[in-house]
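*Asks:* Protein chains in written order, with the numbering used here: chain B, 1 to 411; chain P, 1 to 157; chain R, 1 to 518.
For the record, the hints were derived by calculation from the structure and aren't laboratory data. One should not assume that every hint holds.
Unchecked claim - Straight line, CA to CA, 25 Å or less: simulated PhoX-like cross-link-like pairs of lysine-lysine:
#, chain 1, residue 1, chain 2, residue 2
1, P, K116, P, K103
2, P, K56, R, K138
3, B, K355, P, K95
4, B, K271, B, K260
5, B, K189, R, K57
6, B, K247, P, K116
7, B, K189, R, K21
8, P, K95, B, K247
9, B, K47, B, K37
10, P, K146, B, K274
11, B, K182, P, K146
12, P, K11, B, K182
13, B, K368, R, K127
14, R, K129, B, K329
15, B, K401, R, K57
16, P, K56, R, K135
17, B, K367, R, K21
18, R, K9, R, K21
19, R, K3, R, K108
20, R, K84, B, K189
21, B, K189, R, K3
22, R, K84, B, K355
23, B, K247, P, K148
24, R, K21, B, K355
25, B, K182, B, K232
26, P, K148, B, K274
27, P, K77, P, K23
28, B, K358, R, K129
29, B, K329, P, K77
30, R, K138, R, K127
31, P, K11, B, K271
32, R, K21, R, K108
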Amino acid sequence: MAEKVLTQHFGLKNVYQIDEYIKQGGYEAVKKALKLKPEEILEEMKKANLRGRGGAGFPAGVKWGFVPKVDKPKYLCVNADEGEPGTFKDRYIMSHNPHMLLEGIIITSYCVGIHSAYIYIRGEYEAVALRLEEAISEAYDKGYLGKNILNSGFDLDVSVHRGAGAYICGEETALLESLEGKRGNPRLKPPFPASVGLFQCPTVINNVETLSNIPQIILNGADWFTGKGLPKDGGTRIFGVSGMVEKPGIYELPIGTNLKDIINKHAGGMKQGKKLKAVIPGGMSAPVLKADEIDIPMDFDSLVNAESMLGSAAIIVIDTGTSMLDVLKAVTKFYSHESCGLCTPCRIGTSWINKIVKRMAEGKGSKKDIDDIVRLASNILGKTLCPLGDAAAMPILSIAKKFRKELESRL
Amino acid sequence: MSPEFSGKVRKEIDRIIARYPQKEAAILPLLHLTQQEFGFISPESEKLVAGILGIKPIQVREVVTFYTMLNREPIGKYHIQVCSNLSCSLLGAEKLTDYLKEKLSIEPGQTSEDKKFTLSLVECIGACEQAPCMMINFDYHGNLDKKKIDKILDGLE
Amino acid sequence: MVKIHIDKKPIDVEEGTTVLKAAETAGISIPHLCYHDAFPPEGSCRMCLVEIEGLPKLELACSTQVRDGMKVFTKSEKVVEARKGVLEFLLAEHPLDCPICDKAGDCKLQDYYDEYGLFESQFRESKEKREKKDKIGKSLIHDEERCILCRRCVRFLREITETQELGVFERGIHSRVNIYDLTPVDNNYSGNLAQICPVGAITDEDFRFKTRSWFLKKGESICPLCSRGCSITIEYHPGFSHFGVPSRVYRIQSRENQEVNGFWICDMGRYGYSYLSENRLDKIVINNKEWNIQPTWEDVSYFINQQLKKLDEGKKTSQTVLILNTWLSNEELFLIHKIFKNDQNLERIFFADRPQAEKDDFLLTAERTPNKKGALEMGFDMKPANPGALSDKTDLLLAFGSFLAEQISAADLKKALEKIETKVLFTSHENELNSLFDIVLPTALIPEKGGSLTNIDGKIQKFSPVFEPPGDSLPEWMMLADLGRKFGINSSFYGEFKTPETIAKEIENEVPFFREQK
Numbered sequence: 001m002a003e004k005v006l007t008q009h010f011g012l013k014n015v016y017q018i019d020e021y022i023k024q025g026g027y028e029a030v031k032k033a034l035k036l037k038p039e040e041i042l043e044e045m046k047k048a049n050l051r052g053r054g055g056a057g058f059p060a061g062v063k064w065g066f067v068p069k070v071d072k073p074k075y076l077c078v079n080a081d082e083g084e085p086g087t088f089k090d091r092y093i094m095s096h097n098p099h100m101l102l103e104g105i106i107i108t109s110y111c112v113g114i115h116s117a118y119i120y121i122r123g124e125y126e127a128v129a130l131r132l133e134e135a136i137s138e139a140y141d142k143g144y145l146g147k148n149i150l151n152s153g154f155d156l157d158v159s160v161h162r163g164a165g166a167y168i169c170g171e172e173t174a175l176l177e178s179l180e181g182k183r184g185n186p187r188l189k190p191p192f193p194a195s196v197g198l199f200q201c202p203t204v205i206n207n208v209e210t211l212s213n214i215p216q217i218i219l220n221g222a223d224w225f226t227g228k229g230l231p232k233d234g235g236t237r238i239f240g241v242s243g244m245v246e247k248p249g250i251y252e253l254p255i256g257t258n259l260k261d262i263i264n265k266h267a268g269g270m271k272q273g274k275k276l277k278a279v280i281p282g283g284m285s286a287p288v289l290k291a292d293e294i295d296i297p298m299d300f301d302s303l304v305n306a307e308s309m310l311g312s313a314a315i316i317v318i319d320t321g322t323s324m325l326d327v328l329k330a331v332t333k334f335y336s337h338e339s340c341g342l343c344t345p346c347r348i349g350t351s352w353i354n355k356i357v358k359r360m361a362e363g364k365g366s367k368k369d370i371d372d373i374v375r376l377a378s379n380i381l382g383k384t385l386c387p388l389g390d391a392a393a394m395p396i397l398s399i400a401k402k403f404r405k406e407l408e409s410r411l
Numbered sequence: 001m002s003p004e005f006s007g008k009v010r011k012e013i014d015r016i017i018a019r020y021p022q023k024e025a026a027i028l029p030l031l032h033l034t035q036q037e038f039g040f041i042s043p044e045s046e047k048l049v050a051g052i053l054g055i056k057p058i059q060v061r062e063v064v065t066f067y068t069m070l071n072r073e074p075i076g077k078y079h080i081q082v083c084s085n086l087s088c089s090l091l092g093a094e095k096l097t098d099y100l101k102e103k104l105s106i107e108p109g110q111t112s113e114d115k116k117f118t119l120s121l122v123e124c125i126g127a128c129e130q131a132p133c134m135m136i137n138f139d140y141h142g143n144l145d146k147k148k149i150d151k152i153l154d155g156l157e
Numbered sequence: 001m002v003k004i005h006i007d008k009k010p011i012d013v014e015e016g017t018t019v020l021k022a023a024e025t026a027g028i029s030i031p032h033l034c035y036h037d038a039f040p041p042e043g044s045c046r047m048c049l050v051e052i053e054g055l056p057k058l059e060l061a062c063s064t065q066v067r068d069g070m071k072v073f074t075k076s077e078k079v080v081e082a083r084k085g086v087l088e089f090l091l092a093e094h095p096l097d098c099p100i101c102d103k104a105g106d107c108k109l110q111d112y113y114d115e116y117g118l119f120e121s122q123f124r125e126s127k128e129k130r131e132k133k134d135k136i137g138k139s140l141i142h143d144e145e146r147c148i149l150c151r152r153c154v155r156f157l158r159e160i161t162e163t164q165e166l167g168v169f170e171r172g173i174h175s176r177v178n179i180y181d182l183t184p185v186d187n188n189y190s191g192n193l194a195q196i197c198p199v200g201a202i203t204d205e206d207f208r209f210k211t212r213s214w215f216l217k218k219g220e221s222i223c224p225l226c227s228r229g230c231s232i233t234i235e236y237h238p239g240f241s242h243f244g245v246p247s248r249v250y251r252i253q254s255r256e257n258q259e260v261n262g263f264w265i266c267d268m269g270r271y272g273y274s275y276l277s278e279n280r281l282d283k284i285v286i287n288n289k290e291w292n293i294q295p296t297w298e299d300v301s302y303f304i305n306q307q308l309k310k311l312d313e314g315k316k317t318s319q320t321v322l323i324l325n326t327w328l329s330n331e332e333l334f335l336i337h338k339i340f341k342n343d344q345n346l347e348r349i350f351f352a353d354r355p356q357a358e359k360d361d362f363l364l365t366a367e368r369t370p371n372k373k374g375a376l377e378m379g380f381d382m383k384p385a386n387p388g389a390l391s392d393k394t395d396l397l398l399a400f401g402s403f404l405a406e407q408i409s410a411a412d413l414k415k416a417l418e419k420i421e422t423k424v425l426f427t428s429h430e431n432e433l434n435s436l437f438d439i440v441l442p443t444a445l446i447p448e449k450g451g452s453l454t455n456i457d458g459k460i461q462k463f464s465p466v467f468e469p470p471g472d473s474l475p476e477w478m479m480l481a482d483l484g485r486k487f488g489i490n491s492s493f494y495g496e497f498k499t500p501e502t503i504a505k506e507i508e509n510e511v512p513f514f515r516e517q518k
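Let's have the full structure, built from the sequences with the hints guiding it.
*Replies:* What follows is the structure, given as structure tokens:
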């Protein structure tokens, strides 16, 4: 059995084409799944403890279980709006192995009773979108998509929907709004998308990496999958490492792999001559870890205990030559730019903090500014309509807390 | 002159609309097409798209102004979008931006006089492993340095 | 029903009620800006956050539904701090120009700052520059800098009028509400926008800078300008006698009435209030009669009485003509019916009303008077007045209102009226028509009297006086009850009618429709 779940085919030439993919055992999972009952698949999925790879970490099987059995169309939205700074894993999956994702889509749809799926991909990934469209067209030609898939009586249509430059559309309800042709403003929850989602119908929304795990779970079983990670957090993760390391890139490793090892062993250690100062362990919105805090297993719970989060498992490595004020500036600039503007604390708070940090970076700051940033970020935290507010506040608060002395020294 | 889609594009539009149970959902795909056909999205284009989807032009404007990739002004033949987010700035994106500014004699947000280049600073484009990186139109260019930028720009007609 | 506690106060509320509405029923008001009863909760302003026992985060009062046993805290330290935080954000980018803002006094942001804020601004950065003082509709002035993005206006135009003239453009801090290029807000309900805007972002040019809202007195009334009978609030300045500032109406606002108009009124009803103050008749006018004193109503009623008696004794009541209109209340129409139809068997009763006009598909009806349904149900056959019927062997004409002039040409009317010996007009306004009558009696308008009206759907709605009628004007019902006492068959019957309510009660006794509607 393959060591890797998601990237096992990445080195192979042309595996993004269906013939090559099938040669490597592709679409066997779909064949197997279509012979199972949907309830059996759901049971296996729940056992696998496949937690969402987009950032929130919600178990996929549980999520599917929330979809009510109503006489309405149901939809699958694939969240391919990879926008969390530091994150690029889904781009790899979709461009290297689009059919693995399609298999995940087909199995999920069959399990939940969905006949229409949309892959919402960020607008910048035009080339990836084209690759997906080619893969979809191949799958239709081979009878893996469309009417009566493999004579199972199951129908499924899949199409690609491109975003147009808005980080917030990675938030699931904003994604739905955007897909419906509106501004990408998040929706008030409840109702949750599982009951009232796309076009007011029950909807499953899963991340690309999450769905791409499914074929292997179906083929090898839940136990095999949990054996790769942790019992409550099954499988592997594709860690995307960027910043001041020798070998930035993606590394598929068991969940719970030590962060220190990811940086030092897999990503080649610090870039030549650089010393580690801090690590953002789960995409930009994850609270920063100091150099002495990186001896930590990379799983949801361990990072929560360390007051950070695994998020999208995007690791950004920061060296001692980098000013934390510059890091703070990049963070506040990003969230201020990406706030959708719907709710008050996020709209005005992220902009206000960004204005202060910009002024500080121009050398016109004071200690009170740091206090103000902390106070304002606290007034955003937990008080916004969607998670973007928290995503903005958490890294700001952690930098201000852990690197206050440095920030003060830069005033 | 009011913009119009060619017969071929209209057929493509019909195919796109058919994917959704509600016509309105086709707005982003149509706006991408509009930008591809006319270079940017003018008020006339907003009306054109609104007409096809049976919605009010204001609704199109609300959407157009929300998404950063949709341009409301004409841009240069090559849209250079430099990532200014964290991983790229750690690895020198700012210096490369300065270099591009100097080389093209334009500031971010501007288009060169010969309409060849538009320079923009953008947030993370999802290619952090190749930081610092940029997009020229939809092509990604990573692991940039001055020499590489020279080579890329020299190769553009 | 579920049992909950809000601020330790036990409350029983219907399942499905939101915390905000549940608190309201208990007299606890939770501040909110984006929430409006007319729309589903939006949850964007974040002012209504409350603490709910057992939940880690503050929750929205506007959208959270009550659960049995729920314990809500609306004034805990955590809640007050959160409100302060939201206010601080809102005010950071707000121009703080209350002294020159027309919404001052009516502004929720101002009120909440007063209640929860009163902090020093810590905002040291430069505020966003935005469009100001733009005219976006026939009476709407828009200020993007004051806007708090609650989107009530946008939702109103999307969900209520479905005209969508306003939208949200850009995003983040640059988000702004505006019209599409220069296409203005153009619908008959635009005035509601200034009313639902919780801050000074949309102000009403009709009202703007004419007075300050805290000088105004308010009274509840019913709009009489069509037969919908929308609930309204009339806001008037009682006048500054020492400066010679007369009392006048400055603004009509809509008032919630779920059975009739929801939360809204049309622009015709909102802006068409000048008739309440302008060209009002405030004295009895005598033309062509040799009276050497300025008569009182007593003198005139005595005179009318004499005329009626003279005709009655000569068995010539058929030579009396009555012109009515449907601005008259149910009570007034009832008295007329009683005195002239029942007691006098008068047949020549005509109606002269404002002509019908185009209706819209929302509130405005084609009928442009408030009580046609009432007149029909009272048993009038509502023949329209015409010159022939009017002057044929007529000795006494009693006319109500000035709509005759809209129904019959001036020349025809003059010719017809010349043939009639005694002509009495009951009217509220100075009008060219008045000179054709011998006696013109000033009457009260709807906000100046009590009574009821029956709207197009047969709903009977009571109204009470908001302010005094001008000068010597009297409500028609008072004059009619007086005529009844003097002239009616059973004067003690009419003697009972000291208030509109006593008349209404008698209507219910006698007219099944009014009994059933109740």
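*Asks:* Please flag the earlier hints that this structure goes against, numbers listed from lowest up.
*Replies:* Hint check: 6, 11, 17, 19, 24, 25, 27, 29, 30, 31 fail, others pass.
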